[in-house]
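*Asks:* Line by line, the protein sequences are chains A and B.
Under my numbering, the first residue of the first sequence carries the number 1, and numbering increases by one thereafter.
Under my numbering, the first residue of the second sequence carries the number 57, and numbering increases by one thereafter.
Just so you know, these hints were derived from the structure itself, not from any lab.
Just so you know, even glycine gets a beta-carbon here, dropped at the ideal spot from N, CA and C.
Just to be clear, a hint being listed does not mean it is correct.
[Unchecked claim] Which residues of chain B face chain A? A partial, calculated answer using Cβ under 10 Å:
(1) Thr90
(2) Asn187
(3) Pro189
(4) Ile190
(5) Gly193
(6) Gln240
(7) Gly242
(8) Thr247
(9) Thr269
(10) Asn273
(11) Glu286
(12) Val290
(13) Ala293
(14) Ser294
(15) Gly306
(16) Gly310
[Unchecked claim] No farther apart than 20 Å at their CA atoms in a straight line, the calculated lysine to aspartate or glutamate pairs in the EDC-like style are these:
(17) Lys136(B) with Asp101(B)
(18) Lys174(B) with Glu74(B)
(19) Lys54(A) with Glu37(A)
(20) Lys54(A) with Glu20(A)
(21) Lys123(B) with Asp210(B)
(22) Lys228(B) with Glu122(B)
(23) Lys23(A) with Asp73(B)
(24) Lys11(A) with Glu88(B)
(25) Lys24(A) with Glu49(A)
(26) Lys219(B) with Glu112(B)
(27) Lys18(A) with Glu286(B)
(28) Lys163(B) with Asp101(B)
(29) Lys16(A) with Glu112(B)
(30) Lys18(A) with Glu112(B)
(31) Lys61(B) with Glu122(B)
(32) Lys61(B) with Glu275(B)
(33) Lys255(B) with Asp161(B)
(34) Lys24(A) with Asp221(B)
(35) Lys2(A) with Glu275(B)
(36) Lys228(B) with Asp335(B)
(37) Lys11(A) with Glu286(B)
(38) Lys30(A) with Glu49(A)
(39) Lys136(B) with Glu112(B)
(40) Lys50(A) with Glu37(A)
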Amino acid sequence: MKFGSVDFNEKTDWSKWKFEDFKKLVESHKGITDKPEKIAKALGVPIPEKRPKKDE
Amino acid sequence: MRDIKGVFVLEPGTAVDEIRSLAGRQEVTMPETTAEIAATYIPLDRGLEVQTDEAEMTTGATGYTEKTKDFAPRLTGYAKISEQDYRAWFGADQKEFDFIFLLEDGKMIRPPKNSAGKYVGFCGRIFVKFNLPITGGEGKTQAHSFNIMLDNVDQFKNYEITKSDFSMCEIKDIVPLGFDLAVQTGYVDNTATGTLVLKATYRGTGAPVSLLTATSNFEIVSAESDVTVEVTAVDDASASLGVYTLTTTGALTGDFELQAVVFSATPTVTHLSNVINIDV
């Protein structure tokens with residue numbers, strides 16, 4: 001699955017990845033313009049849910 | 057009979073239904089995956105020398121001389137291939153293969169079909185010469201020698217000639233094109249991942265190979281310590297220079313070996329690189 005200049009291996013078990021590591025990987029490639037969250041969702045990398053702020 | 061111009065080298069035991077057509081040859085020389093490659097072709101345009109031993113003649117006590125033994129044919133062929141292509145054969149030294157010889161007019165010298173009615177090759181072995189690259193001069197024309205020794209004289213005695221549908225000029229298109237793969241920046245371990253920069257160039261011209269755009273273009277051949285190594289991502293932003301940044305499995309403890317491959321749409325293996333060792 002290709003995003004910008006980077007092809008991600010679809011055979012990799014991306015569900016075992018930590019999102020922080022994946023984010024670093026995506027951000028290290030300047031040829032990717034999509035946000036890490038979008039790519040993570042497409043590949044199945046678990047994205048941590050954001051907690052609501054206390055005053056909400 | 058015309059001169060031998062090349063030899064098909066087959067994995068031992070390779071048996072096929074059809075060898076006359078180009079498509080039939082491609083099924084074993086450039087199949088869908090690298091694992092399925094069962095044959096290749098060595099062009100012997102630089103000539104060959106037949107070196108079969110003379111038959112053994114024995115004279116008995118009565119003075120009667122008779123032939124007591126025939127030896128299986130063997131030859132030294134000089135291949136029209138690059139030094140890097142020849143190096144790729146170093147690993148095949150002394151290995152057993154099956155052989156089918158190709159004549160100048162496209163005919164093939166092959167053994168009779170096997171018991172299952174399929175086409176096979178003559179069983180034999182291959183020997184290469186471990187030598188430094190020869191620089192210039194006439195010696196260069198005989199730089200890439202292959203000693204091919206057939207193992208079974210009886211199999212050869214019954215050889216048959218088959219006319220192929222293809223010409224000699226078409227042969228070069230039925231084997232994957234070799235190209236050079238080299239490490240530009242070695243393996244860097246980032247714990248979660250490893251990164252690696254490789255450069256791919258064509259052997260004849262040194263021009264960059266710009267075709268390695270997907271993770272499927274890089275295959276892990278083997279890994280030390282039997283660990284699982286994966287190419288998880290490939291960045292082809294500098295493909296026009298032949299430079300690729302690979303992301304692999306991180307925190308590795310042993311080296312691994314990598315090969316690059318290009319498939320056509322079919323997919324069929326069209327280009328194949330040397331295997332490189334990645335120091336970890």
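*Asks:* Now, for every hint given, state plainly whether the structure supports it.
*Replies:* So, going through the hints one by one against the coordinates:
1. Thr90: 16 Å, violated
2. Asn187: Constraint on asparagine 187(B) not satisfied, violated at 40 Å.
3. Pro189: With Cβ-Cβ at 36 Å, over 10 Å, it is violated.
4. Ile190: Result: violated, 41 Å to nearest chain A Cβ.
5. Gly193: Since chain A brings no Cβ nearer than about 46 Å to glycine 193(B), farther than 10 Å, the hint is violated.
6. Gln240: This interface hint is violated because 16 Å lies over the 10 Å limit.
7. Gly242: With a closest approach of 17 Å, the glycine 242(B) hint is violated.
8. Thr247: Threonine 247(B) check passes; min Cβ-Cβ to chain A is 8 Å, inside 10 Å.
9. Thr269: With a closest approach of 6 Å, the threonine 269(B) hint holds.
10. Asn273: Holds. Min distance 9 Å.
11. Glu286: With a minimum Cβ separation of about 6 Å from chain A (threshold 10 Å), the hint on glutamate 286(B) holds.
12. Val290: The hint holds - valine 290(B) has a Cβ within 10 Å of chain A, the shortest such distance being about 5 Å.
13. Ala293: 4 Å, holds
14. Ser294: 8 Å, holds
15. Gly306: The hint holds - glycine 306(B) has a Cβ within 10 Å of chain A, the shortest such distance being about 9 Å.
16. Gly310: Hint on glycine 310(B): violated, closest Cβ of chain A at ~20 Å, above 10 Å.
17. Lys136(B) with Asp101(B): 6 Å, holds
18. Lys174(B) with Glu74(B): Answer holds: lysine 174(B) to glutamate 74(B) is near 8 Å, not above 20 Å.
19. Lys54(A) with Glu37(A): 24 Å, violated
20. Lys54(A) with Glu20(A): 24 Å, violated
21. Lys123(B) with Asp210(B): 15 Å, holds
22. Lys228(B) with Glu122(B): 46 Å, violated
23. Lys23(A) with Asp73(B): 52 Å, violated
24. Lys11(A) with Glu88(B): This hinted pair holds, its Cα atoms lying about 18 Å apart.
25. Lys24(A) with Glu49(A): Given that 20 Å is the threshold and the Cα spacing comes to 18 Å, the pair holds.
26. Lys219(B) with Glu112(B): Outside the cut-off at roughly 34 Å; violated.
27. Lys18(A) with Glu286(B): 17 Å, holds
28. Lys163(B) with Asp101(B): 16 Å, holds
29. Lys16(A) with Glu112(B): Violated. Lysine 16(A) to glutamate 112(B) sits at ~69 Å, over the 20 Å cutoff.
30. Lys18(A) with Glu112(B): 73 Å, violated
31. Lys61(B) with Glu122(B): Between lysine 61(B) and glutamate 122(B) the Cα gap is close to 35 Å, so the pair fails against 20 Å, i.e. violated.
32. Lys61(B) with Glu275(B): With a Cα-Cα distance of about 33 Å, the restraint between lysine 61(B) and glutamate 275(B) is violated, given a limit of 20 Å.
33. Lys255(B) with Asp161(B): 39 Å, violated
34. Lys24(A) with Asp221(B): 56 Å, violated
35. Lys2(A) with Glu275(B): 18 Å, holds
36. Lys228(B) with Asp335(B): Between lysine 228(B) and aspartate 335(B) the Cα gap is close to 34 Å, so the pair fails against 20 Å, i.e. violated.
37. Lys11(A) with Glu286(B): The given pair, whose Cα atoms are some 9 Å apart, holds under the 20 Å limit.
38. Lys30(A) with Glu49(A): Distance ~26 Å between lysine 30(A) and glutamate 49(A) Cα, so the pair is violated.
39. Lys136(B) with Glu112(B): Violated, at about 34 Å.
40. Lys50(A) with Glu37(A): With Cα atoms ~12 Å apart, lysine 50(A) and glutamate 37(A) stay inside 20 Å; holds.
In the structure shown, a violation is registered for the earlier hints numbered 1, 2, 3, 4, 5, 6, 7, 16, 19, 20, 22, 23, 26, 29, 30, 31, 32, 33, 34, 36, 38, 39, in ascending order.
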